Amino acid sequence: MTTVRVTGATKNFGRTRALDSIDLEAGQGVTGLLGPNGAGKTTLLRMIATVLAPDRGTVTLLGRDPSRPDDRTWIRERLGYLPQDAGFHRGFTVFEFIDYVAILKEMTDRRARHDEVRRVITLTGLAPVSAKRIRALSGGMRRRVGLAQALLGDPDLLVLDEPTVGLDPEQRLRFREMISHAGEGRAVVLSSHQTEDITALCTRIAVIHQGRTRFTGTPAELTAQATGRVWTDTQRSPAAIAAWRTGDGIYRNVGDPPAGAELIPPTLEDAYLLLMGEPELEVTHS
Amino acid sequence: MTVVESVTGPRTAISRRLATLIGREARHLARHPVLWLIPPIVVVTTSLDGASAGRNASYWYGTVFVAAAFFAPLIVLFAANLVASSARRSRAEEMLSVTPTTDTRRTLAMCLGIALPLAGTGAIAAGAMALIDSRATNIQADELLTTGELAQLPFVLAGAGLLGVLGARWLPFTGGALITFVAATLGGTVVFGRFDSGIWWMWWSTSTTFEGVPPVPGEPWLHVAYLAGLCACATVAAVYRDRTQWTRLALVGGPILAATLAVGWLQLP
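Those protein sequences? They're chains A and B, same order as listed. Offset between the first sequence (1-based) and the working numbering: plus 5. Offset between the second sequence (1-based) and the working numbering: plus 644.
Keep in mind that a hint or two might mislead.
[What the hints assert, rightly or not] Straight-line alpha carbon distances no greater than 25 Å define the calculated SDA-like cross-link-like pairs of lysine to any residue that follow:
id, chain 1, residue 1, chain 2, residue 2
1, A, K137, B, L752
2, A, K137, B, E738
3, A, K137, A, R209
4, A, K137, A, D161
5, A, K137, B, I776
6, A, K137, A, E189
7, A, K137, B, R668
Since the hints were made in silico from the structure, they are not lab data. Predicted, not measured: the structure shown is a model, and the values here were computed from it.
The following block holds chain A by itself, in its conformation from the complex (with noise of 0.2 Å):
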């Protein structure tokens, strides 16, 4: 079942056009929006998470229309949201603000929303620190809190907008362990610069720039596209439009490789750099 379909979305904040005509469609597991900063993806996760309505275009999340309030409130109650630039109120204890995310979220029956606070910050490590301020945590812990109240009531889909950004090696490897284990039996979109957690997390994938999307399909799909294009040598090479200089001492290119070149295999930068290196392709995969 397809839990998220935009169509043809376009957005304008006055003269800039964050989205042009996007198209995207994300079921169950992990689906990642890749792309540089300003490309549109934060925009993009805001309207999925019903904060934005598109100018033109349609949005369906859960097979309901979220123009229409019934079924935006009906939406909210299965929708878990992480923004980029999550605040909290930072008097609170980690513990009071979840709990506080569950009494909007309209859990009314306090023991059975205690015990349901009690497991999503079980489920993101947090139990040690649940009666600390927020104010007190380290920014990684406050990440985990704003992934606890997404989490709140087994929502059927998570937006997360760059869930990873500055955490820690740790503390990034930890969260991708959570978002893995958050998209067994639910949608997830998120978005990251990082591809290494596109490809450790993601099953689809869309790479979006100047708010088009760029490529859809799955990781492996996107990386098979850069097949023959990434080369060593032992100097930085014309042909390449991107080249840089390995821990070994050799130049990895990434480009049209010259005859005879040394290829390799590519990974999912490789192709994400050629996508953005060439601005006229457009490829999605079904």
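Keeping the supplied structure of chain A fixed, place chain B upon it in accordance with the hints.
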């Protein structure tokens, strides 16, 4: 059935959902550190002033008055504003906005969660003053307030809180509370044509006189109705702040404002 449904049951009544939220907003206000300023201020002012004649009935009557009416409205205005604007100031608003609780209902809960405990506190203070009045014989008659004047106290406190919420909703930026406070003070001054009338937050009742003239002239019980109307106006204006709700704001707020202004006019001598 989602977990939310298993927790809430089959669509719990709006009143129950609202009651839970009202309770949480009331707790949010009660724990706000700005409110903690009231006890030390009262302790300092009463110990400096009234104890010279001993801690008699007049002293306690004045102490309750000072605690509930003299400083509290000003502090309550700022505390309520900070509570109502805390989601915006902490950048949590977007996260909270995508819950089934609409902005309208959340604001209504906030208004009630702030106004009801304050009104209750005002009622308890007024009751305490009435009780001291009934038991004591040594309080000078000109210090005593009538029942109609005491009945104004809950509305002054609730109104100050609601004004704080109103400021947070309509002036959502740093300094909004200060602008609200200055505008409310100047408003009182302009409406009644006297400087001391603007200092409503030090609660000049309809019988209190300043240089022989009451800053808030009028019939006490009509003044109670007028204050209740102002509270209702502030609530409606805060709840229907969003541009999409402006029709409702006009339809619901218009008649309430008209009635409030009519009572306000009638109260004048």
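We went through each hint and held it up to the structure:
1. The straight-line distance between the Cα atoms of K137 of chain A and L752 of chain B is roughly 29 Å, outside the 25 Å bound, and the hint therefore fails.
2. Taking the CA atoms of K137 of chain A and E738 of chain B, the gap is near 23 Å; set against the 25 Å cutoff, the hint holds.
3. Simply put, K137 of chain A and R209 of chain A have alpha-carbon atoms about 37 Å apart, too far for the 25 Å limit, and the pair is violated.
4. Between K137 of chain A and D161 of chain A the CA atoms are separated by roughly 29 Å; this puts the pair beyond 25 Å, and the hint is violated.
5. For the proposed pair K137 of chain A and I776 of chain B, the alpha carbon gap of about 44 Å is over 25 Å, so the pair is violated.
6. This hinted pair does not check out: K137 of chain A and E189 of chain A have alpha carbons roughly 30 Å apart, beyond 25 Å.
7. Using a Cα cut-off of 25 Å, the hinted pair K137 of chain A and R668 of chain B holds, with the two alpha carbons roughly 19 Å apart.
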